[in-house]
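Could you put together the complete structure from these sequences and hints?
There are 2 protein chains.
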Amino acid sequence: MRDWSAFEIGYDVPALPGMALSDVQTPALVVDLDALERNLDRMRTHAAAAGMRLRAHAKSHKSADIAALQIGRGGACGICCQKVSEAEAMVRAGIGDILVTNEVRDPVKLDRLARLAERARIVVCVDDPENVGPLSRAARRHGVTVEALVEIDCGAGRCGIRPGAPAVGLAQAIAAAEGLRFAGLQAYHGPAQHIADPAERAATIAAAADVTARTVSLLWDAGLACDIVGGAGTGSFPFEARSGVYNELQCGSYVFMDADYERIRAEDGGRVGGFENALFVLTSVMSRPRPDRAVCDAGLKALAVDSGLPRVFGREGVRYDGASDEHGVLAIDGGDVAIDERIRLVPGHCDPTCNLHDWFVALRGETVETLWPVTARGKVF
Amino acid sequence: MRDWSAFEIGYDVPALPGMALSDVQTPALVVDLDALERNLDRMRTHAAAAGMRLRAHAKSHKSADIAALQIGRGGACGICCQKVSEAEAMVRAGIGDILVTNEVRDPVKLDRLARLAERARIVVCVDDPENVGPLSRAARRHGVTVEALVEIDCGAGRCGIRPGAPAVGLAQAIAAAEGLRFAGLQAYHGPAQHIADPAERAATIAAAADVTARTVSLLWDAGLACDIVGGAGTGSFPFEARSGVYNELQCGSYVFMDADYERIRAEDGGRVGGFENALFVLTSVMSRPRPDRAVCDAGLKALAVDSGLPRVFGREGVRYDGASDEHGVLAIDGGDVAIDERIRLVPGHCDPTCNLHDWFVALRGETVETLWPVTARGKVF
Numbered sequence: 001m002r003d004w005s006a007f008e009i010g011y012d013v014p015a016l017p018g019m020a021l022s023d024v025q026t027p028a029l030v031v032d033l034d035a036l037e038r039n040l041d042r043m044r045t046h047a048a049a050a051g052m053r054l055r056a057h058a059k060s061h062k063s064a065d066i067a068a069l070q071i072g073r074g075g076a077c078g079i080c081c082q083k084v085s086e087a088e089a090m091v092r093a094g095i096g097d098i099l100v101t102n103e104v105r106d107p108v109k110l111d112r113l114a115r116l117a118e119r120a121r122i123v124v125c126v127d128d129p130e131n132v133g134p135l136s137r138a139a140r141r142h143g144v145t146v147e148a149l150v151e152i153d154c155g156a157g158r159c160g161i162r163p164g165a166p167a168v169g170l171a172q173a174i175a176a177a178e179g180l181r182f183a184g185l186q187a188y189h190g191p192a193q194h195i196a197d198p199a200e201r202a203a204t205i206a207a208a209a210d211v212t213a214r215t216v217s218l219l220w221d222a223g224l225a226c227d228i229v230g231g232a233g234t235g236s237f238p239f240e241a242r243s244g245v246y247n248e249l250q251c252g253s254y255v256f257m258d259a260d261y262e263r264i265r266a267e268d269g270g271r272v273g274g275f276e277n278a279l280f281v282l283t284s285v286m287s288r289p290r291p292d293r294a295v296c297d298a299g300l301k302a303l304a305v306d307s308g309l310p311r312v313f314g315r316e317g318v319r320y321d322g323a324s325d326e327h328g329v330l331a332i333d334g335g336d337v338a339i340d341e342r343i344r345l346v347p348g349h350c351d352p353t354c355n356l357h358d359w360f361v362a363l364r365g366e367t368v369e370t371l372w373p374v375t376a377r378g379k380v381f
Numbered sequence: 001m002r003d004w005s006a007f008e009i010g011y012d013v014p015a016l017p018g019m020a021l022s023d024v025q026t027p028a029l030v031v032d033l034d035a036l037e038r039n040l041d042r043m044r045t046h047a048a049a050a051g052m053r054l055r056a057h058a059k060s061h062k063s064a065d066i067a068a069l070q071i072g073r074g075g076a077c078g079i080c081c082q083k084v085s086e087a088e089a090m091v092r093a094g095i096g097d098i099l100v101t102n103e104v105r106d107p108v109k110l111d112r113l114a115r116l117a118e119r120a121r122i123v124v125c126v127d128d129p130e131n132v133g134p135l136s137r138a139a140r141r142h143g144v145t146v147e148a149l150v151e152i153d154c155g156a157g158r159c160g161i162r163p164g165a166p167a168v169g170l171a172q173a174i175a176a177a178e179g180l181r182f183a184g185l186q187a188y189h190g191p192a193q194h195i196a197d198p199a200e201r202a203a204t205i206a207a208a209a210d211v212t213a214r215t216v217s218l219l220w221d222a223g224l225a226c227d228i229v230g231g232a233g234t235g236s237f238p239f240e241a242r243s244g245v246y247n248e249l250q251c252g253s254y255v256f257m258d259a260d261y262e263r264i265r266a267e268d269g270g271r272v273g274g275f276e277n278a279l280f281v282l283t284s285v286m287s288r289p290r291p292d293r294a295v296c297d298a299g300l301k302a303l304a305v306d307s308g309l310p311r312v313f314g315r316e317g318v319r320y321d322g323a324s325d326e327h328g329v330l331a332i333d334g335g336d337v338a339i340d341e342r343i344r345l346v347p348g349h350c351d352p353t354c355n356l357h358d359w360f361v362a363l364r365g366e367t368v369e370t371l372w373p374v375t376a377r378g379k380v381f
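Protein chains in written order, with the UniProt record's numbering: chain F, 1 to 381; chain P, 1 to 381.
Don't read these hints as lab results, they were simulated from the structure. Note that the structure is a prediction, hence the values are computed from the model and not measured. Using N, Cα and C, we set each Cβ at its ideal position, and we do this for glycine too. Worth double-checking, as some hints may not be accurate.
Residues from chain P that face chain F, not an exhaustive set, calculated with beta carbons under 10 Å [unchecked claim]: (1) C159; (2) G160; (3) I161; (4) A266; (5) H349.
This is the structure we're talking about:
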């Protein structure tokens, strides 16, 4: 047993640098650094081969340390955030180029966003002409320029103005507004990321790219150039990359992968992008009531289950069979587990799983190399 | 627009005391204090009428402030926690009587648990004779007494030793171990809480109470009295209360209610216990792309969806139709919503929803009265 007694604050962190994996307090979010670095390198290679910028989505990990690695080793031009509070956390941590891939409508949030532009390049999405005046006034109040993308609904059915003429009208309003700069289009197709069949996914993105190209062309005719045509996620990026329309990829999950993305097949039948599992929830067995059942300490508060239950990693004959708030039931069928044994789980969905934890325990092999705070954890407002 | 500029730290909290509900930064966890107080009073009355102790489960809210209200106004004898780190947070905040309703097997966690007994009454569950020696050694190391309940599997199919003779053998081992005190039985039936039909729920708890009564009797024959026979949740407590076997109720969700518990019918066809909605996720509309669709700012990182999507509160013709990480899609069918309008959502499942947030915004009517930290948020290890 590792002695934590000289380290009171240890009770607020799940591990200490230098510790063996078997001494980590569970459940804990662990990152395989070697796998993470290989994923960073793969994505850099993919973006370079396509001649595109990578603007990595930080909503997946919410970590300023991983964002810095994406920009440094991973070659990203900047990051995406989804919320103003998430962007605030990243600007405070020194990230200098952020696209908020979302609409901001509340007057206080618009003010907060404009203040960030005093310290970083800030780009935001707009899908409604009524948003232009308030955004412009916030920028002018702080004497800054906020860049704006027109978000179009390219088939995803969530936010976004209609492509074509309505989008052009909105772009013109932005271009004419003091304190704002029209920077291009946001054309992200979320549901496409999770279409398992590559041909169906390709067709969905082809349709999205088509309406996007048409809008870019109409904007050009109206004298408005798109510096950024952004979209794409880990599931679909090869299709946006070859479209000839998009120039910035917004992939996020590629650094970690998750059980849901493992279902998504590339055109060659392998994993999209060749990415490997770098993120795990480490759990311990705490009860062994029957030969065919064990209970581990990672449930709904340690794992997001919206996209399915986690997969047990690297173990035969052991399956994660059900989650309650603080328990996971393991079905034992041909395998075995011992009391207090550590087991790695691949989360069903990495983004909301990371948001449950305060720390990433970063492993080199089986040893804790460092701890990274989940910088923007809970920053959803 | 409320001016937050003199209050930099305001960007880390979703509201300030005295603020109107319409100025709260969203998404935020809000509590209706009047409804919360009525729920506390209802549960106190129910427990008193049954002649039972209430040991409120703090895993639902993870708030030391609400735990203190449950013990004070709500008449609880103490609280339950589910994890050692959750108990640590509550002991640090001054709570003096805690049952950890779970097994603790990791040697470091056993040491942490024993240290808590230097500052509070600590009771823990045991379901395996192999756990007795390590727990006893941890208690002796710190010169404390840790109380232990034998957890029996009364039909829930999760943790727990078999009722009857195996449970008695375990109790005898605890009673004989230095540093430990045998305190009774833990006989909680989790799945029963969510059986909608009252007759089926009654039958399930009757079966659980039967094996529990048999085990209590065998223990008595062996010279071991049960100070605590604990179990029951918000869905089933009327049945445990009338069983004549249980003497401590462990209800948690009663303070808040959620959309899942609204499905659970009492025998008179009404809500179990008469509890009302006191917890909401406050969200704002940020996009209105089509007449039949709006998009709000509360998705998977603001709301747990494991037990279903949230219910829109107090609004006709508006339905929460789908959650992505940071967005909620509202189907508009007969109602209407405006950009930046605040809407209350009743979470599908209150426990993991509270664990997503850092603050409870406590409302008196439509005004913020105070903010409470989610004391043990993320304390799952």
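Against the structure, the hints:
{"no.": "1", "hint": "C159", "result": "holds (4 Å)"}
{"no.": "2", "hint": "G160", "result": "holds (6 Å)"}
{"no.": "3", "hint": "I161", "result": "holds (7 Å)"}
{"no.": "4", "hint": "A266", "result": "violated (23 Å)"}
{"no.": "5", "hint": "H349", "result": "holds (8 Å)"}
The structure fails hint 4 only (numbered hints given earlier).
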